Amino acid sequence: GEVDLGTSIMAVEFEGGVVLGADSRTSTGTYIANRASDKLTPVHDRVYCCRSGSAADTQAVSGMVSMQLGGHATELGRLPAVKTAASLFQRICYEYKDRLMAGIICAGYDEVEGGSVYSIPLG
Amino acid sequence: KVLNVIFTVNLTHLKMIEDSAPLFIREQALNPKPQGGFNFENWHRNERLQNEFRAKGISSNLPKVMLTGTTICGCVYKDGVVLGADTRATGGSEVADKNCEKIGYIAPNIYCGGAGTAGDTFQMKKLVSSQLDLLRLSTGTQSRVVTANTILKQQLFKHQGHISAALIVGGVDCTGPHLYNIYPHGSSNKVPFCTMGSGSLAAISVMESTYKPDMTEEEAVEMAKEAILSGIFNDLGSGSNCDITIIRCSGEVTRTRGFEKPNDTKLLRDKIRHPKELVVPSGSTKVLESSFLKYIDVQDVTAPEPMMI
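Top to bottom, those sequences are chains A and B.
Counting from 533, one number per residue, gives the positions in the first sequence under the numbering used here.
Counting from 20, one number per residue, gives the positions in the second sequence under the numbering used here.
Any given hint could be a false lead.
Stated by the list, open to error - Think about it this way: if two alpha-carbon atoms lie no more than 30 Å apart in a straight line, the pair counts; the simulated DSS-like pairs of lysine-lysine are: (1) K145(B) to K244(B); (2) K177(B) to K615(A); (3) K629(A) to K209(B); (4) K629(A) to K177(B); (5) K290(B) to K280(B); (6) K145(B) to K209(B); (7) K285(B) to K244(B); (8) K117(B) to K244(B); (9) K244(B) to K97(B).
For the record, the hints were derived by calculation from the structure and aren't laboratory data.
The structure displayed is predicted, hence computed values, not measured ones.
Next up, chain A with everything else stripped away, as it sits in the complex:
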């Protein structure tokens, strides 16, 4: 059936920023569809997200967020806050909670908070 990311992802903040980590396995049932997948996707220059759950859902959601964040950053005139990115993720994941299976960690660096990590679990 659906391609799933049965996954391990994590992020840790430190003073100068964040460290993100993930495994690289994407599986469909017991078959490994991709053994070298990149689950750490950039959403902006200094904001990344770790994706777990349905591959299609998380790829689509992170695509939407990076588009919205890019537009926001252009209007703002400076790099966006990690909190903003996390809010955008939360809005999509909550509004479509019935139709999505996405567990996302949003992490990055901004000037106000320094390194920050936000967890957006299922729903």
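Place chain B on chain A using the hints.
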């Protein structure tokens, strides 16, 4: 009386729809307007029919969807991309097409192999090909493989997996050779080599053991061919011949239908002795009438001067 009859029939028709279909189906039945895009009305009807049959214990005789129970593969080599595919299309356990073409044109520099429902893969390739055509006209630049990937995955995600198309998109653009695989639910991966379809497990085992980065064209074609042959022989959903498409960084594309034909039945068929009555000699069809049309010459006409105010 006649009006009464018509009215009754209409009501019955409406009732049939109302009982089991979701709201948007009922609305479509009441207000039929021509809509663009996909229409899954028949899918709902088929589901309903199957449930009704199952409830009544009748075996359904619904036509089986034609699947390309398939082996397709792709790999990136030093100077381009190689795509391979088998040529069997199945409808249930029957071979519907012994020599179908699974690698389709997307752009002069991008080709795409499809596994899954044959109609779905064909339409998706057509869709992305025409969208890229329009984009090329509006941007004036060569299409990029990542564009094809994004358009396809967004379409497939929009339809939430109902479009059963698993695709391998490969091509060369100004940034180099690229290969993507896309699953029916809309997820995609950028990969150096991949396989899709029912024979993907057989093919990936071949590729995993022979792949190395920066191969030559001969090595890459050999690997793709072996991967497809492995699918043809070890998977029941794949068979017949192996098609190969090579897209080179130089821009040259070589499409070979029937690169390798391990299941050629020509020799066997030639041995069959047909009864004389069934062999029609040439010239037996009588020509009743023939007419010829002169070729129409196309001439360039200079455009009229624009009107000046």
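Now the hints, each set against the structure:
no.	hint	verdict
1	K145(B) to K244(B)	holds, 26 Å
2	K177(B) to K615(A)	holds, 28 Å
3	K629(A) to K209(B)	holds, 28 Å
4	K629(A) to K177(B)	holds, 16 Å
5	K290(B) to K280(B)	holds, 18 Å
6	K145(B) to K209(B)	holds, 22 Å
7	K285(B) to K244(B)	holds, 21 Å
8	K117(B) to K244(B)	holds, 18 Å
9	K244(B) to K97(B)	holds, 17 Å
Of the numbered hints given earlier, the model fails none.
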